[in-house]
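J.: Sequence:
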Amino acid sequence: MERVSAFDEPLKKLLGGPTAKVMADHLDLHTVGDLLHHYPRRYEERGRLTALTDLPLDEHVTVVAQVADARVMTFNGGRGRRLEVTLTDGSGRLQLVFFGHGVHKPHKELLPGRRAMFAGKVSVFNRKLQLAHPTYQLLDVRDEDEATEAADAFAGQLLPIYPACKQLDSWRIAKAVDTVLPGAGEAVDPLPASLRDGRGFVSLPEALLKIHRPHTKADVAAARERLKWDEAFVLQVALARRRHSDTELPATARRPVPGGLLDAFDAGLPFTLTDGQRTVTDEIFRDLATEHPMHRLLQGEVGSGKTLVALRAMLRVVDAGGQTALLAPTEVLAQQHHRSITEMMGELAENWGLWREAPLDEGRRPGDGRALGGSDRGTKVVLLTGSMGTAARRQALLDLVTGEAGIVIGTHALIEDKVKFHDLGLVVVDEQHRFGVEQRDALRSKGKQQPHLLVMTATPIPRTVAMTVFGDLETSVLDQLPAGRSPIASHVVPAKDKPHFLDRAWERVREEAEGGHQAYVVCPRIGDDTDEAAEKKGKKRDDAADDAEKRPPLAVLDIAAQLARGPLAGLRVEVLHGRMPPDEKDDVMRRFAAGRVDVLVATTVIEVGVNVPNATAMVIMDADRFGVSQLHQLRGRVGRGSAPGLCLLVSEAHEASPARARLSAVAATLDGFELSRIDLEQRREGDVLGQAQSGVRSSLRVLSVIDDEEVIAAAREEAVRIVADDPALERLPELRTALDALLDKDREEYLDKG
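So the sequence shown is numbered by our numbering: it starts at 375 and just counts up by one.
Certain hints may be false.
[Unchecked claim] DMTMM-like cross-link-like pairs, simulated, lysine to aspartate or glutamate; straight-line CA separation at most 20 Å:
| no. | residue 1 | residue 2 |
| --- | --- | --- |
| 1 | K502 | E433 |
| 2 | K602 | E1091 |
| 3 | K602 | E580 |
Calculated directly from the structure, the hints in this document are not laboratory data.
Model, not experiment: these values are computed from the prediction.
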């Protein structure tokens, strides 16, 4: 029978059932290896030896002293017991106190005359300094030098503080680590020896010993440096193998067709492409022309023209005889993409006479499908969502299977089994983080061969995050705004401290409307019955939250009514939110785009995809309830025309609060990449990685995707070199084992995150 490595032993065998169950249920720790990779989040220093006459309040100290007296006190009618111990070091006195079951051991050991080291946090009780439940070590050695040496070693020790849970304190986790630490010797080292030696890293067993039981801060630094590399390298090898395997897959090359739809589209554009748009499109076109599937991430600033770039790529594929699908996470976003694409094509209809309406069927509205009428060519642009009528849905499905529809824009409805394509050549995924891997793969599997893949994200991502989260994709960045875009002025409106600032905000909105422009007012909540029920369900909030956080977020329906009969009376005020019927939402957006609505009070359904150049002002209520990147996305809805944009961030948060600091950061810069970095620095690392790491057995523990750019970049270079030389890792079995530990068959899907 094959021996189980100590690293793979179940915790139940070493720690017992109850402790192992708590670790499994609450910390997702199941084996010795899991626990040894559960690193301390920080270390407490016991502190240098401190005289009893010079103890700092609220700090951790270590003292060496002699027990002067000890007595057990009772309270609550004799039901409670408290041990009080008085220490002296010749310079002063200090009281120790132990309660409950913690009384028994020190009562036996801390007898008058015994000398010991004590470590704990200094507090005050009855105007006397004390240590409550200190840790201690008896000094029963006769040699004074030996006692002094032991005291110095004890005082200098670093105490590991572990990520814990209510059911399991840090000290109990530390005790469990002591039990399993011998198993570190059997840790499989994933780093090739040449890499490890070349960079001067300690071995993995040594790194584990030093991270859990360091003698010095240098031990911690050496261990963390090594373990960061493990995390970065194994992850980058997994991504490099994915990229390598993609190059082995066949795909249909989609090469340029002179005089085709793309040329006609480009010729009719009423503006000149930016240099950035041309550069990014060239990168995409080169990928499309290869016989291996493209895997590319397109990210860029708000309003940089990502949809235009995607449309040109789609037309290239349609020219080459293929079909394209744009997958959007919500119906609102799918409708907005459909609207913007058909509008871009609609301009050509007027200017060049190239576009004709598809025949209207029962349940189909104008704009649901368009065809480009060339001499020999034509393609429909169709929308497919779950709320479409039966007849319109049937026609859309027919257009897909026959190939008449070259461009389809849809939601999850696109991935249903009944949806068949004639020849799917390109999949464009928008806001990819909102999709599960199975959903994206279900769409990609509908091609005769692997279709090309273009992933779009409207949130700029720092290079470090892109290398970690999207490491299996080539990256294109659009950081140049089209000519004619006006700057957006942003200001924080402290509604609680200076209510007259909010009055002025509504005056500015009225001024914009009276000047022929339009405005958005964004609220975090809808305010309908369903919304109220959800709010009550989530009422249990952090008691430490401030007053602004304790009240319900401001709601669209409430604010719209207040504005219509108050500061914006006489203006055309309408609402838009996600629970409105699709036809009603579409109608509101069409009328707003046409200038027949002055002020649109909405939820974040307008966050991306909405393009109304005449909208110049935005007021975001309870702005502190939104994330930094989300605020940047919302702000990007104004300033899209020739008139300057204005964004007012209304908040009741206190001036010195972190929430106000976030808002000030947003107001201070229009650089989405800088704001993204600020946003990520303020969030936990697990939130940074989000679903993109959903298949990883555990989140990164010591590697920071924000701070460790050099490590990630170097690890990626090493990974690419090693995988190119040995794709199956046949000569590196330890690295293969590490990959198996990181991923299993069910979780390997994470590598498809785009």
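J.: Decide, hint by hint, whether the structure agrees.
T.: Outcome of the hint check:
Restraint check for K502 and E433: satisfied, since their Cα atoms lie roughly 15 Å apart, inside the 20 Å limit. Only pairs whose Cα atoms come within 20 Å are accepted, and K602 paired with E1091 is accepted, the gap being roughly 15 Å. Restraint check for K602 and E580: the C-alpha separation of about 14 Å stays at or below 20 Å, so the hint holds.
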